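Here are the chains, one letter per residue:
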Amino acid sequence: GNSVTQMEGPVTLSEEAFLTINCTYTATGYPSLFWYVQYPGEGLQLLLKATKADDKGSNKGFEATYRKETTSFHLEKGSVQVSDSAVYFCALNYGQNFVFGPGTRLSVLP
Amino acid sequence: DAGVIQSPRHEVTEMGQEVTLRCKPISGHNSLFWYRQTMMRGLELLIYFNNNVPIDDSGMPEDRFSAKMPNASFSTLKIQPSEPRDSAVYFCASSFASGNSYNEQFFGPGTRLTVL
Chain A
1 GNSVTQMEGP VTLSEEAFLT INCTYTATGY PSLFWYVQYP GEGLQLLLKA
51 TKADDKGSNK GFEATYRKET TSFHLEKGSV QVSDSAVYFC ALNYGQNFVF
101 GPGTRLSVLP
Chain B
111 DAGVIQSPRH EVTEMGQEVT LRCKPISGHN SLFWYRQTMM RGLELLIYFN
161 NNVPIDDSGM PEDRFSAKMP NASFSTLKIQ PSEPRDSAVY FCASSFASGN
211 SYNEQFFGPG TRLTVL
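Chains A and B are the protein sequences, given in the same order.
Each step along the first sequence adds one to the number in my numbering, with nothing skipped, and position 73 is 73.
In my numbering, each number is its position in the second sequence, counted from 1, plus 110.
Chain A on its own, in the form it takes in the complex (with noise of 0.2 Å):
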């Protein structure tokens, strides 16, 4: 079946430090991927996505390649703030099924 692993949280990091967020998938074809943010008491926002292999998203300094030969889509960013802190869920979508990663915390300290 389709799945993702994410790395295990929490982040902790100091403002402007590089951040990379893991995630892998399996899948039985080629499915489109997303990065969700979820801030404090608010819902899940997409991020960013990449539908097809070596596709690059990007949003608000955030940027993750599609890499088909290691089934993976790393969530980066140069410089973090403060205003980053929020969990982050890697996603696929194929066909019917759509699958969430468990989420990743991001605490970024002044």
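Keep in mind that the hints were calculated from the coordinates and are not lab data.
Among the hints, erroneous ones may be present.
Stated by the list, open to error - Pairs of lysine-lysine residues, derived as DSBU-like cross-links and limited to a Cα-Cα distance of at most 35 Å, are as follows:
| no. | chain 1 | residue 1 | chain 2 | residue 2 |
| --- | --- | --- | --- | --- |
| 1 | B | K134 | B | K178 |
| 2 | A | K77 | A | K56 |
| 3 | A | K56 | B | K188 |
| 4 | B | K178 | A | K49 |
These numbers were taken from a predicted model, which means no experiment stands behind them.
Given the coordinates of chain A, assemble chain B onto it according to the supplied hints.
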């Protein structure tokens, strides 16, 4: 666009009472999803609809839970009778599905349910 609308935002009830959560999806979207989020179990898909028809309800915990989508602009999730272990944040999400493919989901703000 108003986004996905959920009501109520907060609900506190006593064990044994009936609880009804409501959702209005984004206009034009043809798929609707109900999720439950807790610290222990994370985000769980309960049920989803396509064109108002339930497609997969395997995530519904037990017969106390039921969901309906009488038309394209409204859905309910009902718990009867409610129990303390149902306390969670319930999210509704909608998306547009074309053919056999679903696009990204748009989430509502959630309903925080507390069952005493």
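Problem - Hint numbers contradicted by this structure - result: 3
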